[in-house]
Amino acid sequence: MLDDPALEARARALSADLRCPICQNENIDESNAQLSRDLRIVLRERLVAGDTDQDAVDYLVRRYGEFILLNPTTQGANLILWLAAPALLFIALLIGWGAIRSRARTTVAPLNADEQKRLDEILKL
Amino acid sequence: MMALAEPAATSQLILIGFSFAVLTRAFVQSDFSLAIVVQNSHTAKPLLYKISGVWGNHEGSMLLWVLILALFGACAGWFGGGLPDRLRARVLSVQGAISVAFLAFILLTSNPFARLAVPPLNGQDLNPLLQDPGLAFHPPFLYLGYVGLSMAFSFAVAALIEGRVDAAWARWVRPWTLAAWVFLTIGIALGSWWAYYELGWGGFWFWDPVENASFMPWLIAAALLHSAIVVEKREALKSWTVLLAILAFGFSLLGTFIVRSGVLTSVHAFASDPERGVFILMILAVFLGGALTLYAARAGSLEAKGVFGVVSRESGLILNNILLAVSAFVVFIGTIWPLVAEMLLDRKLSVGPPFFDAAFTPFMVLLALALPIGSMLAWKRGNLQRLVKQLTPVAVLAVALGLLAYAAQTGRSALGPIGLSLGAWVVGGVALDLINRSGRGGLSARLARALRLPRAEWGKAIAHAGLGVCLFGVAGITAWQEEDIQVLALGETMSLGGYDFTLGDVSRETGPNYATTFAAVIVAKNGHVIDTLKPEKRFYPVAQMPTTEAAIRNGILRDIYVVIGNPQPGGGQVVRVYIKPFANWIWGGAMLMALGGLLSLSDRRLRVGATARRPNKAAVL
Numbered sequence: 081m082l083d084d085p086a087l088e089a090r091a092r093a094l095s096a097d098l099r100c101p102i103c104q105n106e107n108i109d110e111s112n113a114q115l116s117r118d119l120r121i122v123l124r125e126r127l128v129a130g131d132t133d134q135d136a137v138d139y140l141v142r143r144y145g146e147f148i149l150l151n152p153t154t155q156g157a158n159l160i161l162w163l164a165a166p167a168l169l170f171i172a173l174l175i176g177w178g179a180i181r182s183r184a185r186t187t188v189a190p191l192n193a194d195e196q197k198r199l200d201e202i203l204k205l
Numbered sequence: 092m093m094a095l096a097e098p099a100a101t102s103q104l105i106l107i108g109f110s111f112a113v114l115t116r117a118f119v120q121s122d123f124s125l126a127i128v129v130q131n132s133h134t135a136k137p138l139l140y141k142i143s144g145v146w147g148n149h150e151g152s153m154l155l156w157v158l159i160l161a162l163f164g165a166c167a168g169w170f171g172g173g174l175p176d177r178l179r180a181r182v183l184s185v186q187g188a189i190s191v192a193f194l195a196f197i198l199l200t201s202n203p204f205a206r207l208a209v210p211p212l213n214g215q216d217l218n219p220l221l222q223d224p225g226l227a228f229h230p231p232f233l234y235l236g237y238v239g240l241s242m243a244f245s246f247a248v249a250a251l252i253e254g255r256v257d258a259a260w261a262r263w264v265r266p267w268t269l270a271a272w273v274f275l276t277i278g279i280a281l282g283s284w285w286a287y288y289e290l291g292w293g294g295f296w297f298w299d300p301v302e303n304a305s306f307m308p309w310l311i312a313a314a315l316l317h318s319a320i321v322v323e324k325r326e327a328l329k330s331w332t333v334l335l336a337i338l339a340f341g342f343s344l345l346g347t348f349i350v351r352s353g354v355l356t357s358v359h360a361f362a363s364d365p366e367r368g369v370f371i372l373m374i375l376a377v378f379l380g381g382a383l384t385l386y387a388a389r390a391g392s393l394e395a396k397g398v399f400g401v402v403s404r405e406s407g408l409i410l411n412n413i414l415l416a417v418s419a420f421v422v423f424i425g426t427i428w429p430l431v432a433e434m435l436l437d438r439k440l441s442v443g444p445p446f447f448d449a450a451f452t453p454f455m456v457l458l459a460l461a462l463p464i465g466s467m468l469a470w471k472r473g474n475l476q477r478l479v480k481q482l483t484p485v486a487v488l489a490v491a492l493g494l495l496a497y498a499a500q501t502g503r504s505a506l507g508p509i510g511l512s513l514g515a516w517v518v519g520g521v522a523l524d525l526i527n528r529s530g531r532g533g534l535s536a537r538l539a540r541a542l543r544l545p546r547a548e549w550g551k552a553i554a555h556a557g558l559g560v561c562l563f564g565v566a567g568i569t570a571w572q573e574e575d576i577q578v579l580a581l582g583e584t585m586s587l588g589g590y591d592f593t594l595g596d597v598s599r600e601t602g603p604n605y606a607t608t609f610a611a612v613i614v615a616k617n618g619h620v621i622d623t624l625k626p627e628k629r630f631y632p633v634a635q636m637p638t639t640e641a642a643i644r645n646g647i648l649r650d651i652y653v654v655i656g657n658p659q660p661g662g663g664q665v666v667r668v669y670i671k672p673f674a675n676w677i678w679g680g681a682m683l684m685a686l687g688g689l690l691s692l693s694d695r696r697l698r699v700g701a702t703a704r705r706p707n708k709a710a711v712l
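Residue numbers (this note's numbering), protein chains in the order written: chain A, 81 to 205; chain B, 92 to 712.
Hints listed in this document are in silico derivations from the structure and should not be mistaken for laboratory results. All values reported here derive from a predicted model rather than from experimental measurement. Accuracy of the hints is not assured; some may be wrong.
Covered stretches of chain B (chain A as the covering partner; in silico rule of three or more C-beta atoms under 8 Å from a C-beta of chain A) [as the list claims (entries may be wrong)]: (1) 292-300; (2) 442-451; (3) 583-593.
With a straight-line cut-off of 30 Å between C-alpha atoms, the simulated DSSO-like cross-links for lysine-lysine are [stated by the list, open to error]: (4) A:LYS204 <-> B:LYS471; (5) A:LYS204 <-> B:LYS480; (6) B:LYS396 <-> B:LYS324; (7) B:LYS324 <-> B:LYS439; (8) B:LYS396 <-> A:LYS197; (9) B:LYS324 <-> A:LYS197; (10) B:LYS324 <-> B:LYS480; (11) B:LYS396 <-> A:LYS204; (12) B:LYS471 <-> B:LYS396; (13) A:LYS197 <-> B:LYS471.
Note that the Cβ used here is the ideal one computed from N, Cα and C, for glycine as well.
Make a model of the complete structure from these sequences and hints.
Given below as structure tokens:
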């Protein structure tokens, strides 16, 4: 833990988004593994040394790979990951709108004479 | 042939039930000639965990899975009396085909009764994290949900074979989907609650692949519930509803694949094995592929009848379906992306909570915003102007509450106030809808009329209110949580959120199959002692594993959550304290949703409608 509360808050926020490389699926802030503890310390050392958030994270990524980033980057093919849902929503809204319009435009065939007569009889009752 | 289906389904249930009973007996008696009993049990383990240990492992849980599958098949046989014979036979045969696939899976890859030539003296004990009452209830409910969706699937495939989807079909398929969805809701909520108190830091949702695996079918089933209403009442959205029914079970199977194959790293990965994964992938490919091919061939013939205007309940339900389906897709792509990236791009990466929070939350916000409007519009042609006028006070109230909360908090994110506004908007909309439906007149007349509303209406109201409550709980705990961690010596005090925590005593005790360190933490507010919490740190010697047992003081407005860490070399004890505002609203909301589903399930319409077909059929013959 760092004495400077602002720096400690930064360290906490960063470590919540870094994955423990050897645990099943935990971030290094929560994990009890020794390696996570070491990473928490390394991270704080980098911050104390004056690294920006990005520098400190990059430092760890260079050592442990992209795998430790719980927040996937938007680089390269990862754009597909980030954009797939908005794109699908857009397409779905278009299709949905089309379906609604076509339903709304459809006209129901008017009753023929016999049907109208029956309806009148029923309504009279 | 068709008459054979029902007795066959019943005898399948009896036989699988028998083998399940045999396995349970082996666990209770600690029969260590069975491999899975050795791997997952121990003579010193309490009886409850001996029983729930039956499904605390891969083989046994698959047996539970097929047992439930057989149960649903038999139920379709018993309660499907109102169905036309041919439809019922087709439903049962699809259900039977699924059973065959999973029974083959068990027999070929996961024999629960594999025996050891030389039985050891004692077992290796169950994973200590699983030694919790949660294990007794969480998996069975989840499986009832997962597997229950197979009924929707079977009905969809049967209808595609018949080439007929009509209001009656929707009325038959809806109770099964509703039941499955209710079970899934309860199962997911129990799992979330279990994680909250067991894992030691009070998280309620991790966006773990296995959680996502249960969440995707839940979202799709929720969409299916709503679109089936449109088919039932208005005979529109037929082919979309059939597609949802297929996808809902497809996601269930996908979930099974994710959990069992271990292709994605997860905290739940127990007894995973790539070979089993391939088998399940084949089952998935055959059933989903087959159903979708059938769908492609037949969907065109499902003609829509109902006509509706742009502003109508139908349109509202279409929007609901789009939002739920796309949000399920967000979960889907986030879950499988690491796999895709590794196989196609050779990039080992993670997709964690930050992605899901950013990509999924907007859909829930939109859903909550649209819910009161959509659910109050009239069928066919609604009056948006009048509705907006009616809803304005609710909106004003919701925004005012949000602003009030924003003013009351200092320097925190807007997430909490927004959650409060959304929750109030949804719940207020529900209340307004009920008031509208109670007609005119004095309070007592209105109350009497409201109470006489169909149960499905009450179910809808309660489930929607539950969603509002749940959203508020999630936003509240996320935005307003406080935590602190300190090393306390005996008698020392720390403060958080207006409470004082004093480490009173640390003692050691021995449980039935573990050793434990107890701490007594005295909680006081303004000098008055309100409670003594006793967090534990346990050690299970057989599994060589420590666990943390949090001590929680539950409250409507906040939970006080205390955990102890390891004793420090210099003396003293690590104490972590959390204040979790509105935590119980999350599970309370989920329980309201489930209750709403149950109420709706008990509506006369679903029962009377199904049997009313019988005389008609007789008349036709």
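Against the structure, the hints:
no.	hint	verdict
1	292-300	holds (count 5)
2	442-451	holds (count 6)
3	583-593	violated (count 0)
4	A:LYS204 <-> B:LYS471	holds, 26 Å
5	A:LYS204 <-> B:LYS480	violated, 37 Å
6	B:LYS396 <-> B:LYS324	holds, 11 Å
7	B:LYS324 <-> B:LYS439	violated, 49 Å
8	B:LYS396 <-> A:LYS197	holds, 23 Å
9	B:LYS324 <-> A:LYS197	holds, 27 Å
10	B:LYS324 <-> B:LYS480	holds, 27 Å
11	B:LYS396 <-> A:LYS204	holds, 28 Å
12	B:LYS471 <-> B:LYS396	holds, 12 Å
13	A:LYS197 <-> B:LYS471	holds, 25 Å
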